[in-house]
Structures are given as structure tokens and as C-alpha cells.
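Residues per chain are reported as follows:
2 protein chains.
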Amino acid sequence: MKLSMLGEDALVAALTRGLPAGRDVRVGAGDDCAVIGGRRDVWWRLLKTDAVVEGVHFLPTEKPARVGWKALCRAISDIAAMGGIPEHALVTIAICAEWDERWVRGLYEGLRRAARKFGVSIVGGETSRSPGTAFVSVALAGRVERVRCLTRSGGKPGDFLYVTGQLGGSRAAKHLDFTPRLAEARWLAENFRPHAMMDISDGLAADLPRLAAASRCGFELWEGKVPCTPGCATAAALGDGEDFELLFAAPPRIARSLDREWPLRFRKLPLTRIGVLTRRGGGKPISTRGHDHFA
Amino acid sequence: MKLSMLGEDALVAALTRGLPAGRDVRVGAGDDCAVIGGRRDVWWRLLKTDAVVEGVHFLPTEKPARVGWKALCRAISDIAAMGGIPEHALVTIAICAEWDERWVRGLYEGLRRAARKFGVSIVGGETSRSPGTAFVSVALAGRVERVRCLTRSGGKPGDFLYVTGQLGGSRAAKHLDFTPRLAEARWLAENFRPHAMMDISDGLAADLPRLAAASRCGFELWEGKVPCTPGCATAAALGDGEDFELLFAAPPRIARSLDREWPLRFRKLPLTRIGVLTRRGGGKPISTRGHDHFA
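Listed in order, the protein sequences are those of chains A and B.
Using the numbering used here, the letters of the first sequence map in sequence onto residues 5 to 299.
Using the numbering used here, the letters of the second sequence map in sequence onto residues 5 to 299.
Only some residues are given here: those of chain A computed to face chain B with a beta carbon under 7 Å:
| id | residue |
| --- | --- |
| 1 | Asp-54 |
| 2 | Tyr-112 |
| 3 | Ile-126 |
| 4 | Glu-130 |
| 5 | Arg-133 |
| 6 | Gly-136 |
| 7 | Thr-137 |
| 8 | Ala-143 |
Listed below are the simulated DSS-like cross-link pairs for lysine-lysine, each with C-alpha atoms no more than 25 Å apart in a straight line:
| id | chain 1 | residue 1 | chain 2 | residue 2 |
| --- | --- | --- | --- | --- |
| 9 | B | Lys-6 | A | Lys-67 |
| 10 | B | Lys-272 | B | Lys-229 |
| 11 | B | Lys-121 | B | Lys-272 |
| 12 | A | Lys-6 | B | Lys-67 |
| 13 | B | Lys-229 | B | Lys-160 |
| 14 | B | Lys-121 | B | Lys-67 |
Label-pair restraints from in silico Cβ distances:
| id | chain 1 | residue 1 | chain 2 | residue 2 | range |
| --- | --- | --- | --- | --- | --- |
| 15 | B | Lys-67 | A | Asp-181 | 37 to 47 Å |
| 16 | B | Met-5 | A | Pro-234 | 35 to 45 Å |
| 17 | A | Leu-268 | B | Gly-26 | 30 to 40 Å |
| 18 | A | Gly-22 | B | Leu-63 | 23 to 33 Å |
| 19 | B | Leu-63 | A | Lys-229 | 44 to 54 Å |
| 20 | A | Ala-14 | B | Arg-44 | 43 to 53 Å |
| 21 | A | Ala-14 | B | Thr-65 | 23 to 33 Å |
| 22 | B | Met-5 | A | Lys-288 | 57 to 67 Å |
| 23 | A | Gly-26 | B | Gly-26 | 25 to 35 Å |
| 24 | B | Val-46 | A | Lys-121 | 28 to 38 Å |
| 25 | B | Arg-109 | A | Arg-175 | 24 to 34 Å |
| 26 | B | Val-46 | A | Ser-261 | 35 to 45 Å |
I should point out that these hints are in silico values taken from the structure, not numbers from a laboratory.
Glycine residues also receive a C-beta, built at the ideal position from the N, C-alpha and C atoms.
Construct all of the structure, not just a fragment, from the sequences and the given hints.
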């Protein structure tokens, strides 16, 4: 079957079934990051790779520094979504030999800028020729305290669902300049320990069902409450993707103090309750579909 | 300047100058792996990424399982070259949506086979659409005891240079089925601690000068001694690349016992002395050029 027919989630499910995994693998394929460590270790290690592809995630006419920024910040956003601290990045580039070196230098300028801003060391990488399409893949290692590690799978029926920021319109505007919610995610992990968290990369309509499924819950999304980027309709906020905002599930007992403390700590970034987790099979479907990489 | 004019080594040197790096980065860009850890830690962490690109490292007509094997084994070879133990891999794929899912399943079959054989856990990855060229990138994390970590930079004038196996002809034949020299490299690290080691991926003519330069040495290569794959001339053995054999520098005091013990431990894989490290500026140039990814 063609990949475009099968769809991304079905493909990933088929590929990741029964992968070889050692006893130190706490979370394998299927969450924002892999989590490695002993059951009683204080710190667990986080591993993530992510790629940006010419013609899919950026155009060859974009400023290369913005492409570099995006390539690293996508992976930082995934480490943040686990409540973690990003540490060491490796960069793999495949690019046409006829491209100008200035493009690669520009790319590294963006990578360096993001690395400095978020405390990441760039420790290596690989360059290769590509006969056509240009690719930039970033591998990022980080760490998180065992007791603060936030996965997609810890949500419980009755948890409120929250998103940071505003959703939609990213592909047309900010997707190359977004700020990963690292400070916000660490603050949540340190102070509130949500039950489950992830970042929104394929749109709320694709990602919320993933969080709910990983938590063996259903969900009820209050579509009218979803915070939309000015100029965006709700369908765009649900389906556009590349928002890189946080989506998390927090139990009612912490929701009240969270609602009070968030605006004191993060004045400029809204936090919005957008629904609840329900029992499995409960809730109702979303009106829009999210982004599928192969559709 | 076009990348094809600049060349790979000059590009990498320009890009990696002054990268942001934390205090725990023992070895950054420029060696086979990045090395992370405290100065007195017992274990150091190794990080590596490596990519295979359609039309450069494999053809779309190849069996995908062989491509998957190669993609993971390339990175295992780099961990081995540091004297290390590979542990956790992440796989990033970008592929045309019109390709058949069976290709990706086949790719994963090869990845799983290599992972099982060499004790690696596949802990995640990412799939993305590519508008053209297919691309498979592997990130691999591993570990090595601090006292056994072998870099490119520890060679000293007077060290003998050794290679495992036979060189040349790989691109035409075995490059998709090679065996990374993991057992051999660990045995060397545990029993003989060579001064410097790397794997040969771009051909001895490109890689030996890199090891010598990292060690601030010159070198004398005995071209007549270079072990050639049957049917290969010396020029091919020096220049073809994709050998994934080990190249290392060992002081004369251990060379005699190494020469005696190697064939007892590894009956089927030859080990050959091919030259010496000299003072910087000493030695003589190689008659052939190695592989440059952008040439």
C-alpha cells in the first residue's frame, strides 16, 4: 500500500511493534522523546531526532538561518514536552553539491543562535551530498528528573486539558521563528506535575487524540474555547499544525492554583482550558483532521 | 563558493569552529563520535548521527533490508571506533508518499536485524514525507569507560599504524552488508588501548591524514603493505571508501604482543601494519585521494 493511503500513525504503529529494547528503556517509540534510565535513577536521559525537509518544512528560498533555528527548536520543543532539559545536539545535513556554502553557514548561524539561547551544546554531526532534496536532521539528548518526567500516557479521566499560546496559521507565518516552550514546560514539571504532556506539531486535531489514546482515555474538546491565532478560524487552529505549543492534562485538584499562578509567571503567554479527558470510548470526535505527513 | 569546490573537510572545519559547547563535552565535532561526561566519571557517553541518502549511499532498487542494515551499522562502526558499546538508536526517515509501505517495512527489518545482532535498542524516530530523494538518518547513543575511550587525537610519532580486514571495492560489493568491527574494537580497547583509532569510511587516503592531523603528527604509509580486497588495486584500496574497517595507531611496546594475540582471537580477520606516525610535517603524501562527499 502506498504511504499516502496508509497514513502516518498506522505506519509508525506497524514499524514500532516489537522493536528490540533493553531493560533501561523506560519509554520507547511513540512519545515525544525516548526515555532511558534505571527505575530508581534520579535522572533519566531523553533522546529525540527530528528532521526538516526542503519543500515540506521549508522552501529553498527561505533564509537558511531561520531553517537552522527551526530545525533545532523542533527537537528542543520535544525535550520540553517531557519536562526535560536539552543538552547535546548533533546535526546531519544532506545537500546538493551545487548549493553555495553560504547556505550551510547561514543554517549553522540559526542553529548556533538557538543552541545559545536554550543552553544546548552542538557536539557534532555529519554532512553528505544529496542528489536532490535538502535535509537537515537534528538529534538531541537531554535529561529529566525521574519524578518530573512527563509522558503522553499518564492522563486520567477527569483531567482538564490545557494548551499554551494560540493555535493555527503557523505554516503561513511563524513556523520558522517559533519559541519552544522550554521555560514554561520546566515550570510546569517543577511546580505542578501535569499527568500527561506533549507538544503540538501536527495540529491539535491530530495530537490530542494521540495523547488521549496513549493515556487510554477518551476526550471532550470544547472547540469554541480553543485559542485561535488572530485571523484564524477554529478549523485552522485545529488542523494547521506546526504550533509547537504545549498540550497537557492536569487533574482538577491542581487546576485552580495553576489558573491563578500561570498568568503571574507568564504574563504574555495565555494558558487555556480546552476540554477534559473522559473514559475510553467517551467524548466526541473533533470536527477537523490534523496534519498527516503522508496524506 | 559551491560546496563541490570547497570540499567536505574545509566545510566541516568552517562550520564547527566555535560551536557552543558545555563543560561536559569531552570531544565535540570532528571525531567519530561526540564524547560527553565529567573528567572523573567512570563511564562517558557517546553520541553519533549518520545518514544514508538515496542515489549517494544506496539505489532505490536495493533491497530495503540491506539499506536498513547499512544505516544502523555505519553508526555502530563509529561507536566501535571510540572503543565504545552502542546502546540506543533513533531512526529518522524522509520518503516519498508514493512509495510503498513495504519498502519502509523492509528497511525496518534490516534495522531490527542489525539492532539485535549488536545489542542495540531502537527507541524511536520520526517519519516525514520527502518530495524527492529518500533519506534515512540514524542517531546512536552509547557508552565507553573513560580509561578506554579511543579518539583520533592520541597518536604519537613512532606509533605503528594498523588496519583490520581488506580495503577497496566496497562500493561495488559489500558496502550494504558489512560487519562493523565492534567485537574487535572492544577487544583492542580492553586489552591494548591503542593511542588513536577511527573507522575508515571515506577511504584510507582521506581518513589516515585526518587521524594524523588530529594527533598533530605526520605519517608514512607503506602503500605496498595495504591489504587489498581480492581483485582491487592499491589505488582502489586507498580511495574507494565505505570499508568500515578500523584504522589505529599503537606504540611499538605493544605492537609485538598485539601481532601475536590478534590472530589467536580473530582467526578470519587479518590485521596489518601499514605504516607509522611521524613528527608533524614528516612522512610523505599518499598517491591517491579519498572520497569527498561534495567532490
